[in-house]
Structures are given as structure tokens and as C-alpha cells.
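Could you put the whole structure together from the sequences, leaning on the hints where they help?
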Amino acid sequence: MFQYEKKLQYPVNIKNPNPKYAQIIISQYGGPDGELGASLRYLSQRFSMPYAELKGLLTDIGTEELGHLEMIGAIVYQLTRNLSMEEIKRSGYDTYFVDHTTGVYPLAASGMPFTATYLQSKGDVITDLHENLAAEQKARTTYDNILRLVDDPDVREPIKFLREREIVHYQRFGEGLRLATDKLNEKNFYAFNPSFDKHCNKRK
Amino acid sequence: MMIREREKCLKSLSAAQFMVWELHLYLDTHPNDTNAMLRLKKYAAQYQALLADFEAKFGPLTPHSGSGVAWLKNPWPWDIEECAK
Numbered sequence: 001m002f003q004y005e006k007k008l009q010y011p012v013n014i015k016n017p018n019p020k021y022a023q024i025i026i027s028q029y030g031g032p033d034g035e036l037g038a039s040l041r042y043l044s045q046r047f048s049m050p051y052a053e054l055k056g057l058l059t060d061i062g063t064e065e066l067g068h069l070e071m072i073g074a075i076v077y078q079l080t081r082n083l084s085m086e087e088i089k090r091s092g093y094d095t096y097f098v099d100h101t102t103g104v105y106p107l108a109a110s111g112m113p114f115t116a117t118y119l120q121s122k123g124d125v126i127t128d129l130h131e132n133l134a135a136e137q138k139a140r141t142t143y144d145n146i147l148r149l150v151d152d153p154d155v156r157e158p159i160k161f162l163r164e165r166e167i168v169h170y171q172r173f174g175e176g177l178r179l180a181t182d183k184l185n186e187k188n189f190y191a192f193n194p195s196f197d198k199h200c201n202k203r204k
Numbered sequence: 001m002m003i004r005e006r007e008k009c010l011k012s013l014s015a016a017q018f019m020v021w022e023l024h025l026y027l028d029t030h031p032n033d034t035n036a037m038l039r040l041k042k043y044a045a046q047y048q049a050l051l052a053d054f055e056a057k058f059g060p061l062t063p064h065s066g067s068g069v070a071w072l073k074n075p076w077p078w079d080i081e082e083c084a085k
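Chains A and B supply the protein sequences, listed in that same order. Going by the numbering used here, the first sequence runs without a break in its numbering and finishes at 204. Going by the numbering used here, the second sequence runs without a break in its numbering and finishes at 85.
Derived from the structure by calculation, the hints contain no laboratory data. One should not assume that every hint holds.
What the simulated footprint calls covered on chain B by chain A, stretch by stretch (three residues with Cβ under 8 Å from a Cβ of chain A suffice, anywhere in the stretch; the number is not a length) [unchecked claim]:
#1 3-17
#2 22-35
#3 38-48
#4 58-65
From the three backbone atoms N, C-alpha and C, an ideal C-beta is built for every residue, glycine too.
Below, the structure is given as C-alpha cells:
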């Protein structure tokens with residue numbers, strides 16, 4: 001089960017609203033490499049994981065990603081406070097405003113709404129862990145691009161924190177992949193699906 | 001000032017919580033590292049003390065520690081401090 005804790009993982013306190021930044025950063029809410037996709041990916045994949053270390057890892061990282069989704073939501077919300085109609089028109093935020101006003105909705109910076117096609121749950125340990133390693137790097141690149149586009153330190157600090165977390169998760173998934181292959185018959189790492197084919201584990 | 005005091009307490013609480021979480025993730029892939037486990041326990045004790053202090057001063061952070069008016073009290077985590085009164 002999940003229960004709420006009434007705090008952010010890392011503080012978000014943005015003094016100056018900026019709808020242009022909000023329109024960029026919302027990609028990490030509902031975009032192709034965003035936090036919604038990340039949490040759904042890990043929390044779905046964990047059910048077919050055969051090893052306890054990987055069940056734990058996917059549960060924990062998937063849960064942390066939900067906290068990151070909340071941080072991105074808070075950033076977008078604070079960036080779109082108290083806007084005048086003039087600012088909305090001038091910044092290009094009008095195309096978002098017409099459908100969602102200043103509500104937070106999961107979509108990419110391009111305007112494409114969130115879709116489950118952004119993630120995969122393949123039911124294969126090796127395949128899923130490679131998907132996750134790639135996903136962490138794609139999210140890291142997106143945060144790097146946000147940092148190229150955003151100057152305000154109030155926005156950059158939480159974005160830098162989130163970028164660092166992608167790197168830590170990549171490290172942990174790499175260790176998870178090593179733990180998985182250590183349990184397999186090393187002649188056949190990629191010939192079997194360890195979640196489905198029971199005979200590919202290393203002989204004791 | 002109450003807002004600044006709350007922010008300060010929340011920051012030390014989050015720092016201890018982060019250490020616990022980081023070690024917890026590390027232990028998922030290094031479950032037998034007793035040294036890391038000891039460090040986690042140290043930060044977990046710190047966190048528990050800071051949490052009790054924070055909740056006594058500013059109200060519940062989880063549904064276990066409060067309901068109704070106390071739970072609903074602003075600020076919520078996405079509120080900016082200036083308009084959170």
C-alpha cells in the first residue's frame with residue numbers, strides 16, 4: 001500500500017513565476033522521459049521480478065519517482081501563480097492555458113498528452129533492467145537540457161537534485177543487473193527469460 | 001518568524017530522511033553491508049527525533065500522526081511559504 005507524507009523530498013520555493021519555464025519543465029511530469037512514466041514503469045515491472053533484491057529495488061525507486069512527480073508538479077504550479085493575461089499571451093503559455101487554465105496536466109513540452117507507450121513492462125528481468133538503465137539516462141539528459149534553458153536558481157536547485165537522483169538510480173539498476181546475471185547460467189545470459197523460463201538459473 | 005523556523009526544521013528533517021533513504025536504496029543491492037546498516041540506524045534515530053520535534057511544533061506529516069483540522073492545516077507541500085498562512 002501507499003500512504004502520503006505531507007512534505008516534498010527536496011524543497012521547492014520559487015519566488016518568480018515564469019510560464020515559459022513551466023511549459024518546458026512539465027515534460028518531466030507527463031513527457032516521454034518524465035517522472036509519471038518512471039514510477040509506472042518500475043511499480044509495474046516489479047510484479048514479474050523473480051529476485052528479492054530486484055523486487056525491493058523497483059518498489060523503492062518507483063516510490064521515489066512518485067515523490068519526484070510531486071516535486072515537478074510543485075515547480076509547475078509555483079511557476080504559474082498569479083499570472084496576468086498579458087504574461088500568459090506573451091510567454092506562449094496561452095496554448096496550454098486554453099485547455100487546462102493553470103491546472104497541472106500530464107503532457108510533454110510539445111503538447112503531446114501522457115501515454116503508456118512511453119514505458120515498457122516486458123516481463124523479462126534482463127530486458128526490463130536495460131529499459132530502466134536507458135530510462136534513467138534519458139531523464140538525466142532531459143534535466144541537463146532543462147538546466148541549459150533555465151537561469152533562475154530557485155528552479156535550478158530542485159532540478160539539479162532530481163538530475164542527481166537519475167544518476168544514483170542508474171548506479172543501483174546497474175548493480176541490480178549484475179545481481180541478476182550472477183544468479184544465471186553465464187553461458188546463456190541473453191538466451192532465456194529469467195522471469196519466465198525457470199531452468200536458466202545457475203546450478204547450485 | 002514562524003515560517004522561517006518551519007522551513008529550517010523541515011530542512012534538517014529532510015536531510016536526515018535523505019540519508020536514511022539513500023542508504024536504504026544502497027542496501028537493496030548490498031544487503032549484507034553491516035557498516036551501511038549501522039550508518040542507516042544512526043540517521044534513522046536522528047530522523048525520528050527531528051520528526052517528533054517537527055510534528056509537535058507544526059502538525060502531522062502522515063495520517064498516522066494526525067487527522068481533521070491538524071491534517072488539513074496549510075501549508076501543503078506545493079504551497080509557497082509566503083501564501084501559506
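Hints and how they fare:
1. Counting residues of the segment 3-17 of chain B whose CB falls under 8 Å from any CB of chain A gives 5; the rule of at least 3 is met.
2. Coverage of a stretch by a chain is defined here by at least three residues with a beta carbon nearer than 8 Å to that chain's beta carbons; for the segment 22-35 of chain B and chain A the count is 8, and the condition holds.
3. Look at the segment 38-48 of chain B against chain A: 0 of its residues bring a Cβ nearer than 8 Å to a Cβ of that chain, fewer than three, so the hint is violated.
4. Judged by the Cβ-Cβ criterion of 8 Å, the segment 58-65 of chain B is covered by chain A as claimed, because 5 of its residues qualify and three suffice.
Hint violations for this structure: number 3 only, all remaining hints satisfied.
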